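S.K.: Line by line, the protein sequences give chains A and B.
Quick note on the working numbering: the first sequence kicks off at 1 and runs consecutively.
Quick note on the working numbering: the second sequence kicks off at 474 and runs consecutively.
If you're looking for bench data, these hints aren't it; they were derived computationally from the structure.
Values in this document were obtained by computation on a predicted structure and should not be read as measured data.
Using N, Cα and C, we set each Cβ at its ideal position, and we do this for glycine too.
Hints are supplied without guarantee of correctness; some may be wrong.
To be verified - If you want the footprint, here are the derived chain A segments under chain B, 3+ residues with CB under 8 Å:
#1 262-274
#2 312-322
#3 330-342
#4 415-424
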Amino acid sequence: MAIKEPLNDPMLDPVTGEYRVIAPGHTFKSVTEKVSRIVLTSHTPVGWWGGLAIAGGGVLMLMVALTWLFLKGVGIWGITIPVAWGFAIVNFVWWIGIGHAGTLISAILLLFKQSWRNSINRFAEAMTIFAVVCAGLFPLIHTGRPWLAYWLFPYPNTMNVWPQFRSPLLWDVFAVSTYATISVVFWYLGMVPDLGTLRDRAQSKFAQFFYGIISLGWRGSVRHWTRYETASLLLAGLSTPLVLSVHSVISFDFAVALLPGWHTTIFPPYFVAGAVYSGFAMVITLAIPIRKFYHLEDLITIRHIDNMGKVMLVTGGIVAYGYWMEVFMAYWYSASRWEYFMMWNRMFGPMGWSYWVLITCNIALPQLMWARKFRRNPTLMFIMSFIVNTGMWFERFVIVVTSLTRDYLPSSWGTYKATRWDYMTFAGTLALFTFLFFLFIRFLPMIPMSELRILLPQAKIKAKQEPLPEAGD
Amino acid sequence: MAQHAKTLPHDLGAPEFVDRWRARALVIGAIFGALGIILGFLAGDGWNHFLRAWLHGTMISFGFCCGGMALLMTQYLSGGKWGLLVRRPLEAMTRTLPLVFLYFLPVGIFGMSFKQLYLWSRYNTDPWGAWKQHLISATQAHSIYFKHPLLNPVTFWCVSIFCFASWWLYTHLLNKWSLQRDADTAPNVPYWQVKFENLSGFGVVFYTLTLTAVSIYWVMSLDVTWYSTVYGLQFLVGQAYGVLALVILTLIGLSKAEPIKTIMRITEQHDLGKLCFAFVMLNIYLAFAAFLIIWSGNSPEEIPWYLDRVRGNWGVVATLDVVFHWLIPFTLLLSRDLKRIKGRLAVCCCVMIFARCWDMFWLIEPNFKDAARNLHFSIGILEYLTVPVAMIAFWMAYYFTNLKTRPLVATNDPHLEEILEPEHAHA
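Extracted from the complex, chain A is given alone in its bound form (with noise of 0.2 Å):
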């Protein structure tokens, strides 16, 4: 058979035809150059300077929405009766499953020996991070008395009142909070032996001390290298379950109550595809611009843009396969009028527009990525990030709001409309959330040096081929 196609691109591997996870020619020391001078260098880029500023108006307007629900209550906001749940809860979680990829990439491609996370696991770790100080934010102000979350926790006091145990908002401190925990180790760990690396590479003072204090005295000894791969492998191990365990207690909100479209038992395996559907979309939105503000197309490759379309492709057909079991079961299957009616409500209901906007973002448009040429074409796959953050933006909107505003009781249906209040809040989140990652690109290393080094041929031991064995043998 002839060959089908000549492979002249050097980006290709000539063997497998795949795109290689690092561009030929580099080296240990290129790799370590390349990424930390981006860190240590004095000269900070102008464009920085602009985005963080940008964020930072961005944040400032997340503080006069916040200071003026603390001031009047949470009546400035667009929920109501039947809708008491709105664009707080839509946002809380929109942004924890935002933060999904970060824990699948770190975690779980980790266990799976997938090299190609290497790459980019350090700032999907850290978005994962900012994204749960986001998420965090809005039940602590939507309590209406923020000063009092503590009493979430169930701690002994004085008066003996407990949190409701069998609640699933309770289950969410633990979920959300252990995540939060875990997330952050994870991070901080895997940085240790790059912040090794800055330090002894460091000239200014400050920046000695500084790293040389975060790096936790690491010397790149034997004994350092095996605790570090040991604690890796256990944070992987407790992280995994957490990928799964987090999103499903957030579903189990909506799903153990009894409200028509809220009550499925698809529910928790699809809110998870949808939190790491919507957390590639993220990490794709933040890579593209980076690898071409930084120069940084060598080391994250089309290789990589190519296998996150792949993820997302895969965990978006798991949550087109919820909608579409939703839609079988409500119109053909479950025989319940209840049912019946919640479906046609979504779809053609007072806020159907809703659901048709969450269609297209989620399942319409995103079969565009079955094509290789899209997947691998770093503009299109930008734009199609922030159409799958849009639509999973949506589903979380249905979701709650077109099932609060009609319930079993005609004669309690309501409507709902956000006020500006709601989306400055909401706005202010994405601006916190870049503003935190710009410090985080500018003040440590985005990509792990030490993990990438390990992926170059020179870090690889070829074993000598055997002879062939005579006939016989």
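Following the hints, complete the assembly by docking chain B onto the known chain A.
M.R.: Frame of chain A, contents of chain B only:
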């Protein structure tokens, strides 16, 4: 000290002892088949339990065959060295589809067309009339009436035949191209990779949808009133759970001789063990999440399904289901050493396969009025021991026959070189 890379033996065919496995499977199938027929005559309830047990055996065999196809396509999509190890056993599983179709025919003919298994097929034409005669409840009558466009003999047969035909097409292409790829001497790795990816990408999506359809038709509709959106996904994960256990068991058995002895390194065995562990967790996750949601909801439309399966003696069966399905494999597979020791991993895989059968019994039998809410011990219930064992044994014999017909290692694969290297050769 640098070690030498291994080389593949000249003969890549299955070893002679696979014939002995096949012979044993046939003997077991014959003995248990005969016992099943005898029990059919002896049982007080006629052949009812025989047919239910037949459905059980069909679902398990179908799970191995088509679940094997799904896993085969998954390994083409995910890549990795483990795919090279499992490819040929999985292909052999997929080629058992004709037998699975034969197994299905009595389910369709006697179970549905002769109205012996499915309540909806019995009262399909006049559910409200049956309700008036107190043969079924009002909820059942309403469900049968509402679902009539879906649950009727024509749709049942059309969906089933369409699914079998499309699975046959897929198994045919996967097997044919695999041989062609091995015969291709030109360096065409990217070409074949893309070709298999294109087929498998759509195939996995298509299989998920068709599996959902048949799991609803063949099993979920045994209880016409109940529904769960996660049911198809649970079947999909359950099939992968069983198939992985069987494929590991096969590889461990084959690793006593060449060529698997050469290519099955501890590293890949460990990886397969980890994958198994992942599916053990995924399986219990889906099952528990569905249970928690329905139990918390406690609505009269849903909760009877679980009550039918936990009340009376079913409580013991349900508890043991959790023990076999999750507790034992989870505890065993947590151990790194166990995943790397062939004998122990094989024991774990046997438990997992048994757990699939146990779970299927728990899924099927309580759907029937005489068994719901309490498991009554009778001669008929022993059919679940004899008939599925016989069916699975015959299926195994066919599987071993298929295993013998092709080389056990796909040679035209870029991972072959890596898998032949000594274990410590990779950093």
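S.K.: Against this structure, judge whether each hint is valid.
M.R.: Hints versus structure:
Figure legend: the segment 262-274 of chain A, annotated as covered by chain B; annotation consistent (7 residues with Cβ-Cβ distances under 8 Å, at least 3 required). Check result for the segment 312-322 of chain A against chain B: holds, 4 residues qualifying (beta carbon to beta carbon below 8 Å, three or more required). For a cut-off of 8 Å, the count of residues in the segment 330-342 of chain A with a CB near a CB of chain B stands at 5, and the three-residue condition holds. For the segment 415-424 of chain A, the stated coverage by chain B is violated: 0 residues have a C-beta nearer than 8 Å to a C-beta of that chain, whereas at least 3 were required.
This entry does not satisfy hint 4, going by the numbered hints stated previously; all others are met.
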